[in-house]
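One line per chain: the protein sequences are A and B, in this order.
Heads up: the first sequence begins at 1 in the working numbering, then just goes up one per residue.
Heads up: the second sequence begins at 1 in the working numbering, then just goes up one per residue.
Hints in this document: simulated from the structure, not taken from any laboratory.
Errors might be hidden in some of the hints.
The calculated lysine-lysine pairs, modelled on DSSO-like cross-linking and capped at a C-alpha distance of 30 Å, are [unchecked claim]:
1) K405/A <-> K424/A
2) K517/B <-> K59/B
3) K216/A <-> K567/B
4) K216/A <-> K35/B
5) K517/B <-> K216/A
6) K216/A <-> K108/A
7) K26/A <-> K420/B
8) K507/A <-> K517/B
9) K567/B <-> K507/A
10) K507/A <-> K35/B
11) K413/B <-> K516/B
12) K216/A <-> K413/B
13) K611/A <-> K567/B
From a predicted model like this one, the values you see are computed outputs, not experimental measurements.
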Amino acid sequence: MSSDIAKKSLFDMSLVAAAAGDAIRKLDPRALMRNPVIFVTEVVAALVSVLFARDLVTGTGQAWFSGQIAAWLWFTVLFATFAEAVAEGRGKAQAASLRKTRTDTMAKRYADSQETGGAWASVNAAGLKVGDVVLVEAGELIPSDGEIIEGVASVNESAITGESAPVIREAGGDRSAVTGGTTVLSDWIKVRITAAAGSTFIDRMIALVEGAERQKTPNELALSVLLSGMTLIFLIAVTTLYGLAAYSGMVVSIVVLVALLVTLIPTTIGGLLSAIGIAGMDRLVRFNVLATSGRAVEAAGDVDTLLLDKTGTITFGNRMATEFVAMSGVAELDLAEALLYASLADETPEGRSIVALAKQLYGLREPVFKDTKPVIVPFAAQTRVSGIDLDGRSIRKGAIDSILKSAGIGKDQASAEFNSAVDKVARTGGTPLAVSENGRLLGIVHLKDVVKPGIRDRFNALRAMGIKTVMVTGDNPVTAAAIASEAGVDDFIAEATPEDKLAFIRKEQSGGRLIAMCGDGTNDAPALAQADVGVAMQTGTQAAREAGNMVDLDSNPTKLIEIVEIGKQLLMTRGSLTTFSIANDVAKYFAILPALFIATYPELGAMNVMKLSSPQSAILSAVIFNALIIIALIPLALRGVAYRPVGASLLLRRNLLIYGVGGLIVPFIGIKLIDMAVAFLHLA
Amino acid sequence: MTMIGWLQIGLLFACVVAAAKPLGVYMARVFSGEKTFLQPVLRPLETAFYKLSGVDPGKEQNWLAYAMAMLIFSLFGFLSLYAILRLQAVLPWNPQGFDNVPPDLAFNTAISFLTNTNWQSYVGETTMSNFTQMAGLAVHNFLSAATGIALAIAVTRAFVRSSAATLGNFWVDMTRATLYILLPLSIIVALAFVATGMPQTLLGSVDVTTLEGAKQTIAMGPMASQEAIKQLGTNGGGFLNANAAHPFENPNAVSNFLSIFSMLVISAALPITFGRMVGRDRQGWALLAGMGILLIAGVAIVYGSEAGGNPLLTALGVDPSGGNMEGKEVRFGMAMSSLFVAITTGLSCGAVNAMHDSLMPLGGLVPMFLIQLGEVLPGGVGSGLYGMIVFAILAVFIAGLMVGRTPEFLGKKIEVREMKLAMLAVLILPLVILGFSAVAAVLPSALASLANNGPHGLSEILYAYSSATGNNGSAFAGLSANTPWYNTTLGISMALGRFAYVVPVMAIAGSLAAKKKTAESAGTFPTTTPLFVGLLVGIILIVGGLQFFPALALGPIVEHFTLLAGKTF
């Protein structure tokens with residue numbers, strides 16, 4: 001996982017203090033109803049408190065014991081609410097800083113949203129409606145989310161991304177979306193508002209990190225059902241024990257039955273369940289990824305196929321010129337010079353790399369034009385070529401097909417030499433660019449995609465986890481295959497159109513697979529919506545951001561891999577603590593049952609395998625252990641269990657050993673130690 | 001314990017496993033509608049049945065329709081059996097001239113045979129006429145078993161199918177289970193039983209003068225045929241009160257071996273059928289292994305505690321090498337009696353060849369606990385398999401998250417709906433067993449039925465409700481259960497244990513069948529490995545058994561420790 005996560009201490013003192021207050025507020029039974037296990041604990045804690053009061057008044061001599069049990073039962077509930085409060089605390093801090101950006105701003109709204117040449121009036125941003133058009137000038141906050149309809153500006157989006165370097169936003173294309181709360185640094189833009197007040201991106205972000213709108217995720221709900229069911233089962237077991245014990249001629253104290261009940265019901269996982277979920281979302285947030293729902297985070301853990309854009313994810317994205325291949329009869333130096341001229345005005349990374357290579361390999365310098373003024377031919381979508389017109393020389397460079405077309409050469413008319421050079425480049429995964437001068441082919445440039453170091457290992461790790469990686473690229477199949485094998489992806493889609501992506505996702509899904517992908521363009525939106533996990537780039541269009549179920553504020557497509565890992569970690573944490581909690585029950589029986597019945601059946605003392613000092617101490621120790629284990633596991637719940645990219649079999653073996661077998665053994669030791677302390681302090 | 005004893009036990013398990021494979025595969029073919037060697041003979045018969053009853057065998061049912069068909073069929077089964085019992089005196093084949101069965105006993109008995117429990121509050125040879133035995137009880141021995149198998153097959157199909165609305169046709173599955181599986185097997189087994197000397201006659205009891213000159217009435221009847229389906233269908237309801245301990249129901253060591261084999265074989269083969277039908281044989285073996293481990297552990301504890309003898313008698317100078325032979329038949333011996341005890345309760349059979357009331361406390365704990373685990377080891381025909389699938393779903397749900405994916409079993413995601421229904425099913429056992437036991441334990445009229453007091457008396461109550469709810473049917477004896485209270489509450493327990501459990505399970509099946517099968521990868525939770533088998537065993541013990549621990553502590557466990565301390569009840 002990336003190192004740039006803020007490694008704030010889990011128990012930051014200010015957070016803990018705030019959480020402690022929240023924990024007490026959360027004791028409200030109406031709120032606790034959502035968590036049946038802890039709710040039952042609270043109800044019986046209240047019951048034992050009443051019994052304690054009775055014992056105090058009537059002076060049964062049991063008051064000291066029932067008082068302690070009552071106290072520890074309340075602690076059990078408090079520790080559970082505290083866990084949730086701590087988990088929420090970090091989000092709250094983040095939400096507070098986001099809120100600052102939402103101070104009342106004024107907006108310059110055009111009276112007529114269709115005719116924006118007219119006059120504007122200053123209105124409160126809160127009063128903006130969807131469809132309104134506003135003018136935002138340098139130094140002003142963008143009042144709400146919207147789409148630029150006119151103008152270009154540099155925008156500081158640090159309020160959302162934390163990244164202070166400005167980004168360019170302009171009308172049309174994939175960079176037209178702006179977010180309310182960000183600041184225009186230069187120039188001006190006209191923005192059509194796309195979000196009503198209260199439902200802007202920042203509003204949603206605040207709600208998300210605050211956990212105010214937190215809905216239980218599907219798996220969390222199912223787990224709650226299991227935990228409630230188990231609570232009910234043990235409720236039956238304990239209540240009926242009253243009758244069974246009566247048969248045996250003993251009156252079992254209600255306090256002890258309650259103690260048995262609370263130690264048996266899964267309070268550990270019940271108390272930590274929501275903290276685990278919140279912490280999982282929080283891990284994503286700290287990773288600068290916003291999930292619109294917890295469901296998406298769970299789905300991320302289930303993903304079987306990652307659809308990765310080649311550019312920026314697998315390769316650095318900038319194809320670099322690595323070689324010039326001159327046709328026979330063309331001097332290499334002439335070719336280099338022609339390329340240098342043609343690329344002078346080309347600001348794309350490819351263009352710059354051609355200039356750099358020409359300078360570096362052939363010692364050329366940038367020409368100075370004195371007499372004649374060259375005419376730059378910029379890249380045009382129609383011709384798909386760019387170049388320069390200079391002294392009657394018309395130099396063009398571009399994709400092979402485009403150059404052949406512009407030079408008027410038919411596909412089969414190109415020389416064998418040219419074709420073989422093109423093939424050679426393509427076969428090695430490179431991209432050939434052709435150069436022509438006045439319709440004559442000079443040679444080709446070998447542009448190479450550089451695969452990111454270490455990406456192969458990542459893919460191997462994903463494969464071990466059972467996740468297939470599919471590279472999506474606009475390259476031709478030959479190029480794509482070469483890069484795919486170099487990067488070690490399982491499959492690739494070459495010459496991919498957005499429709500291809502969508503079709504691929506549908507095909508995989510119909511085979512029962514879950515797909516994750518990322519995208520930023522409007523034409524990615526359908527695929528993003530169709531994918532089970534769709535991560536939109538923050539720099540992307542509004543359509544893309546709305547189609548996906550996550551937004552990556554850093555706009556880093558590689559993060560898809562980490563998102564999957566975070567999803568898996570969340571599920572693993574939940575499962576491990578559930579297993580641990582349920583396995584704990586065995587030891588608790590051995591602590592409480594002999595203590596419960598020993599007065600009538602002294603022979604059952606044989607079951608006291610832990611040799612606990614007295615029946616009361618045994619019961620108290622089990623209850624104390626049950627409470628303390630929640631506190632002890634909060635860090636694990638918040639941090640998540642250690643994740644390793646290995647197959648399911650290995651993961652299961654490892655976690656079953658730690659949390660299953662560990663869950664059987666730990667309470668035996670823990671209860672024994674607490675019992676020794678209880679006996680030493682004469683608490684029971 | 002002796003080496004010879006373990007060899008006998010080992011031989012039996014080896015025979016069962018060897019037979020389970022071909023039988024399991026055969027059943028998979030039968031229920032998939034594929035060709036089988038019996039088809040030329042049975043297919044016309046099968047078609048005739050459909051024609052006669054107006055069933056369209058090609059028309060499949062969704063889970064609700066399937067479950068409703070089962071319930072309606074069971075209701076009519078109940079009414080007809082109740083009528084037979086109540087009208088016995090006027091019906092034919094009543095050589096002994098038995099009277100009508102009283103209402104509460106008829107209610108109890110009808111539910112008992114309907115639910116494959118075969119709890120018997122009556123003494124068969126002095127209560128039931130030959131007509132009742134054959135047309136009433138034996139018919140339900142077939143039908144309740146066939147119903148169980150049909151349900152298990154419907155649940156199996158939930159994992160076979162993807163995005164499906166239907167689970168098969170109850171009438172077809174039930175007919176096939178009877179015609180292709182139960183009938184042929186029971187004919188073979190009945191003939192084999194006759195060969196071992198079991199009576200098969202329509203004559204009534206015979207009055208004889210014994211060598212000492214006393215008059216004795218010897219019960220006779222169509223025993224071999226009844227016995228065969230009683231074992232094969234894990235019914236367990238004996239023709240005679242002494243059940244398989246009686247020389248007529250179980251004449252010798254060979255018939256005993258065959259009895260154990262035949263009660264185990266179908267339940268052991270069904271997981272194989274499951275594996276074959278879902279296209280993964282290993283899954284079937286994994287489920288069978290989970291069942292086997294717990295069952296063999298149960299056998300070992302019973303055998304160990306019984307072979308160890310009674311320490312109190314040992315203290316009096318009795319040679320402990322014979323073990324605790326109280327309530328056991330010498331012609332079966334220690335090993336095969338202990339084996340019978342564990343298997344009849346691990347299965348929901350309930351036939352007995354030894355008196356469970358006379359087992360050592362730990363020996364008595366095991367059968368009770370095996371029943372309380374939900375009758376899945378390997379359980380009744382059909383019911384054991386679907387019970388085991390519920391446990392597999394729980395195991396996958398609890399531990400499945402640990403591999404970092406939401407839980408799935410055989411490609412089917414386990415979500416809220418499945419979990420709700422699974423918990424509903426799992427709740428039934430503790431609710432009914434512990435609920436009724438707790439009431440009976442304080443109700444004077446219920447306590448009057450006890451033969452023993454102290455923990456042993458509590459064990460008798462607990463055993464009765466466990467046996468009824470688990471649809472086992474074996475009795476701990478000692479308890480005079482033929483009273484209105486027990487007949488009624490045990491009847492209710494049996495009905496809840498069967499129907500309140502299986503309806504949610506069918507709903508799970510319906511929900512799972514409708515889901516798409518997710519693809520399998522290296523990231524998928526492995527459900528065929530030894531690790532999973534171990535996990536499954538752990539979940540069965542912890543989720544299925546732990547809630548009974550406090551009750552057991554007051555019954556057999558405390559009895560064990562007090563016995564060691566020299567006290568009996």
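To see whether the hints hold, each was checked on the structure:
1. Note on K405/A and K424/A: the hinted pairing holds, with a Cα-Cα distance of about 21 Å set against a maximum of 30 Å.
2. About 23 Å separates the Cα atoms of K517/B and K59/B, which keeps this hinted pair within 30 Å; it holds.
3. Taking the CA atoms of K216/A and K567/B, the gap is about 55 Å. The hint is violated against a cut of 30 Å.
4. Our distance criterion of 30 Å between C-alpha atoms is broken by K216/A and K35/B, whose separation comes to about 50 Å.
5. A hinted pair counts as satisfied when its Cα atoms are at most 30 Å apart, and K517/B with K216/A qualifies at roughly 25 Å.
6. For the proposed pair K216/A and K108/A, the alpha carbon gap of about 41 Å is over 30 Å, so the pair is violated.
7. Annotation: proposed proximity of K26/A to K420/B holds, straight-line Cα distance about 27 Å (limit 30 Å).
8. Distance restraint check for K507/A and K517/B: the Cα-Cα separation of roughly 14 Å lies within the 30 Å cut-off, and the hinted pair is therefore satisfied.
9. The suggested pairing of K567/B with K507/A is violated, with an alpha-carbon distance near 72 Å, which exceeds 30 Å.
10. With a C-alpha separation of about 35 Å, the suggested pairing of K507/A with K35/B is violated against the 30 Å cut-off.
11. A hinted pair counts as satisfied when its Cα atoms are at most 30 Å apart, and K413/B with K516/B qualifies at roughly 9 Å.
12. For the suggested pair K216/A and K413/B, the alpha carbons sit about 18 Å apart, so the restraint of at most 30 Å is met.
13. Between K611/A and K567/B the alpha-carbon distance is near 24 Å, which keeps this suggested pair within the 30 Å criterion.
The structure fails to meet hints 3, 4, 6, 9 and 10 from the earlier list, while all remaining hints are met.
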